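One-letter residues, chain by chain:
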Amino acid sequence: MKYLSEYRDPKIARSLADQIRSTASRRWVLMEVCGGQTHTIVKQGIDELLHDAVEMIHGPGCPVCVTPLEQIDRALHIAARPDVVFTSFGDMLRVPGSESDLFQVRANGGDVRIVYSPLDALEIARRHPDKEVVFFAVGFETTAPANAMAVWRAKQLDVSNFSVLVSHVTVPPAMTALLASPDNRVQAFLAAGHVCTVMGWTEYEPLAATYRVPIVVTGFEPLDLLEGILMAVNQLEKGRHEVENQYVRSVRREGNRPAQDVIGKVFRLVDRQWRGIGMIPSSGLGLREEYAAFDAELKFGVSVVTATEPEECHAGDVLRGKMKPHECPAFGTLCTPERPLGAPMVSSEGACAAYFNYGRFRSAAAKA
Amino acid sequence: MTSPVDGPNCPVPHGVYRQIQLGHGSGGKMSAALLAERFLPHFGNPTLTKLGDAAVVDVASSRLAVSTDTFVVRPLEFPGGNIGTLAIHGTVNDLAMMGARAKYLTAGFVLEEGLELLTLDRIIAEMARAASEAGVVIITGDTKVVERGKADGVFINTTGVGEMDAAFMPAPERARPGDAVLVSGPIGRHGIAVMAVREGMAFEAEVESDTANLSPLVELLRGAVGSAVHVLRDPTRGGMASALNEIARAAGVGIMLDETAIPIPGPVSAACEMLGFDPLYVANEGIMVAIVDHDSSELALAALRAHPLGTEAVVIGRVVPEHAGLVALRTAIGGTRVVDMLPGDQLPRIC
Amino acid sequence: MCLGIPGRIVEIKDDTGLRMGTVDFGGVRRDVCLAYLDEDIQVGDYAIVHVGFAISKVDEDEAKRTFEILKEMSELDELEWLGDVADRSLEGGTAS
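Chains as they are written, first to last, in numbering that gives the first Met the number 0: chain A, 0 to 367; chain B, 0 to 350; chain C, 0 to 95.
In case anyone wonders, no lab produced these hints; they're calculated from the structure.
In this text, all values refer to a predicted model and were calculated from it rather than measured experimentally.
Careful, some of the hints might be misleading.
To be verified - Straight-line distance between alpha carbons at most 30 Å, and here's what the computed DSS-like set of lysine-lysine pairs gives:
no., chain 1, residue 1, chain 2, residue 2
1, C, LYS63, A, LYS1
2, A, LYS42, C, LYS63
3, C, LYS12, A, LYS154
4, B, LYS149, A, LYS130
Stated by the list, open to error - Non-contacting residues of chain A with respect to chain B, defined by C-beta distances greater than 12 Å in every case (computed):
no., residue
5, ARG80
6, ARG125
7, ASP157
8, TYR210
We put the beta carbon where it would ideally sit given N, CA and C, even for glycine.
Please build the complete structure, drawing on both the sequences and the hints.
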């Protein structure tokens with residue numbers, strides 16, 4: 000596949016890894032913000048490959064991981080209704096709510112369906128006018144244009160049996176929260192290439208300047224990540240702190256204007272609860288009043304549903320880079336990939352699940 | 000069976016039905032007609048046609064392998080095959096992976112009221128073709144009909160009986176450090192072919208299910224290297240990753256794979272990129288993993304490659320003494336990661 | 000958060016006022032919303048697609064330019080590495 004396979008070239012990857020190792024005069028602490036980047040890093044073993052040169056902290060950029068527990072509970076509540084077809088991206092189905100997950104709702108007779116695109120959910124609503132079709136609109140800025148378009152389109156086509164349960168979050172406030180924390184260890188960021196494809200990178204310039212931290216907008220293939228890491232290490236070694244763009248084939252400084260316009264038409268900034276992290280002011284997107292008719296929270300009156308996270312779960316500290324997954328008392332005992340307490344143990348690229356697997360490998364290898 | 004009329008209350012000849020009715024499961028004339036007109040013409044053989052309460056057969060071997068499997072798939076028909084093909088290949092292959100030669104099969108059908116008879120005809124025809132190709136005889140069977148909504152078109156159970164040869168008994172626990180891990184062909188085709196035609200995921204992919212009878216490959220391996228074949232496995236549900244994990248656990252060994260060696264067809268890899276899947280977990284129905292003594296691996300490869308199903312056979316890794324019970328993979332760029340079993344099905348990701 | 004992959008636009012069409020298209024991802028094709036791309040987008044262009052939406056047109060010139068730099072760097076690196084190997088004379092046996 001063009002623009003994909005060449006960015007996995009092993010020879011160039013090894014060369015970049017060599018350069019990172021020879022450039023780093025000490026072990027730098029980097030955070031990749033996005034879950035997609037974490038996936039590549041874990042899947043390709045990049046963190047292990049660069050172990051001596053950089054410590055990679057997996058950031059909070061996984062919408063599955065940060066969707067708050069109460070929003071999951073609201074989803075479960077709506078999905079259990081007999082008049083509802085509940086649609087969602089696949090990775091949300093296994094995320095544990097307070098008492099069950101969407102798979103359990105399906106087993107109990109709820110109509111829960113996986114869709115690839117929010118427009119597919121809208122299409123289901125048009126085909127089943129007798130049903131209420133709800134889409135679980137989670138995601139960061141990358142997914143916001145798609146979810147905004149589905150809502151805009153539903154209004155344009157007057158599809159009144161379609162609504163969205165919104166749990167949108169935005170990256171810069173989360174990065175600010177991390178950087179402002181007194182126990183922050185992150186020395187440089189790899190910013191999320193697809194978030195910046197939509198939003199551009201001007202929002203990150205004041206962050207880099209204020210906190211004197213290098214930020215490199217980075218893509219998702221192995222060569223992208225290795226080059227992004229190299230650019231960040233170069234800045235750290237030279238004492239620079241700028242926003243640089245590694246992912247030039249997709250990201251422009253101003254981002255995607257038409258996409259930003261539609262986001263602005265449909266959504267407004269709201270305070271948002273992040274699972275494991277807590278409330279971050281103005282860190283989320285909610286529907287504008289003009290689109291209230293498409294707000295599943297209002298339509299089904301689930302705003303009253305609240306939830307408290309299990310005390311044993313330290314997902315927040317892990318997502319903030321304050322605690323390594325294996326330092327959590329519940330890790331591997333109360334909390335495993337089969338019975339996750341918190342979202343980072345759910346998906347294979349979640350910080351806790353990644354550690355769980357790799358840790359078992361390390362200890363098994365050490366015993367031999 | 001001279002009259003096509005189903006009693007005085009129902010003047011409609013059953014021949015005009017185009018779908019399965021509850022009456023097809025009544026045990027009465029409709030049931031008999033279903034059997035006589037749809038199943039027996041395809042499956043007919045002297046043992047089955049007796050329609051006794053049990054089939055009576057002779058076997059030559061003093062040791063038999065028996066395997067049973069129930070098949071559910073949505074949609075029932077997909078590029079490269081249908082549920083009938085799977086029901087034959089699945090059970091024949093399970094026997095072959097134990098080193099047994101499949102002789103006899105039983106077939107049980109749960110039919111949903113409303114199933115199109117033409118669909119059923121195609122499924123039966125495919126089953127008959129696959130069975131005859133694999134040299135197995137369907138000796139007894141059963142059909143039941145359930146109300147609409149109580150099944151997904153048709154469910155099929157097949158049980159197979161195969162003859163064993165004491166000199167050739169591959170088993171998961173026989174994997175030894177140093178062994179080579181071979182795969183007989185490109186991975187992931189069945190899972191992606193089925194996913195592509197499933198509602199809600201609709202995409203077009205130039206890929207067909209790989210469903211196939213693997214026993215010719217097993218015969219070639221047996222002939223070429225015999226007992227140097229330590230383990231055979233067909234990586235169906237859960238894909239290559241799950242099959243190898245089961246072997247690593249059973250034998251108490253580690254398995255190290257070389258990512259660059261694993262054959263993945265272009266469209267499988269593309270569909271996996273799109274959905275966020277890992278091809279190692281995608282189902283196969285026509286390839287096998289062979290774990291073979293290191294010294295015999297070249298001979299084994301040559302034997303596999305001599306058959307059309309095995310032309311792309313390669314060594315994808317080796318059995319190691321380290322990290323017992325775990326499968327790991329050396330990535331293209333030189334990193335290492337654990338290839339664990341998944342808690343459930345792979346789900347399309349957005350991140 | 001953001002699984003996005005590049006594909007080639009093979010068809011551009013209008014669905015009641017919404018610009019849609021078919022995108023080919025290495026042999027896999029799917030309907031994709033093209034509303035967020037510039038109007039001068041053409042069949043044959045590459046786009047990055049996320050959950051059924053094209054979010055950018057791939058800048059093919061920039062892609063080519065930056066990839067060439069990476070490639071040259073690695074070739075230089077390889078020359079140095081070969082030099083190192085030669086210097087270490089007959090330690091031998093290691094494959095790259």
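Check: What hint numbers does the structure not satisfy?
Finding: none
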